[in-house]
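> Sequence:
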Amino acid sequence: MKAQALRDSSSSAYMMSKKTMEVNPTNPIVVSLREKVAADQSDKTVKDVIWMLYDTSLLTSGFSLDEPTTFANRIHRLIKLGLSIDEEEGEDMNDEDLPALEASDEVPDSTMEEVD
Numbered sequence: 001m002k003a004q005a006l007r008d009s010s011s012s013a014y015m016m017s018k019k020t021m022e023v024n025p026t027n028p029i030v031v032s033l034r035e036k037v038a039a040d041q042s043d044k045t046v047k048d049v050i051w052m053l054y055d056t057s058l059l060t061s062g063f064s065l066d067e068p069t070t071f072a073n074r075i076h077r078l079i080k081l082g083l084s085i086d087e088e089e090g091e092d093m094n095d096e097d098l099p100a101l102e103a104s105d106e107v108p109d110s111t112m113e114e115v116d
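Read in this note's numbering, the sequence shown has 38 at position 38, and its numbers run on one by one without any break.
If you're looking for bench data, these hints aren't it; they were derived computationally from the structure. Please note that the accuracy of each hint is not assured.
Mimicking DSS-like on lysine-lysine, the simulated pairs with C-alpha atoms at most 25 Å apart in a straight line are [what the hints assert, rightly or not]:
hint : residue 1 : residue 2
1    : K36       : K47
2    : K80       : K47
3    : K44       : K80
4    : K36       : K80
5    : K44       : K18
Computed Cβ-Cβ distance ranges for the label pairs, DEER-style [what the hints assert, rightly or not]:
hint : residue 1 : residue 2 : range
6    : S32       : H76       : 18 to 24 Å
7    : K80       : L33       : 15 to 21 Å
8    : Q41       : E67       : 18 to 24 Å
9    : I75       : V37       : 18 to 24 Å
Glycine residues also receive a C-beta, built at the ideal position from the N, C-alpha and C atoms.
I would like the entire structure built from these sequences, with the hints used as guidance.
Printed below as a string of C-alpha cells:
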C-alpha cells in the first residue's frame, strides 16, 4: 500500500472510471429528435437542439463546457427561433436603434471621488 501512496499520481489516471452518458430512447424529446433527424439530417436547428441537450446534460452533471461561447450562440439562435426573429432582421434592428454619435471637443473628467 505504501508504494501505491508514494508513486506518481498521474499514473493512476487509468484507474479512474470513464464518464458514461445514458440516453433514454423512450423519452419524448429523444423520440422527436430521432424522427426529425431521420426526416432531414442537415437541419441546423435540430443539430443545435441535440448539442444543447448534450451541453445541458454536461452542465447539470457538474462538468464544464469546452466552448461556452458556442453554447451561448446556440441559445441565442434558439431564442430567436422561438421568437420568430430572422438572423438578418435581428442584427439590422440593433443598428437602427442606436442614436448617432456626436463629436465633442470636451475632455471628460476621469478623477475618482475621494471618500473620507
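> All hints are to be evaluated individually against the structure, with a verdict given for each.
Cross-check of the supplied hints:
no.	hint	in the structure
1	K36 to K47	10 Å, holds
2	K80 to K47	16 Å, holds
3	K44 to K80	14 Å, holds
4	K36 to K80	20 Å, holds
5	K44 to K18	30 Å, violated
6	S32 to H76: 18 to 24 Å	22 Å, holds
7	K80 to L33: 15 to 21 Å	20 Å, holds
8	Q41 to E67: 18 to 24 Å	23 Å, holds
9	I75 to V37: 18 to 24 Å	21 Å, holds
The structure shown violates just one earlier hint, number 5.
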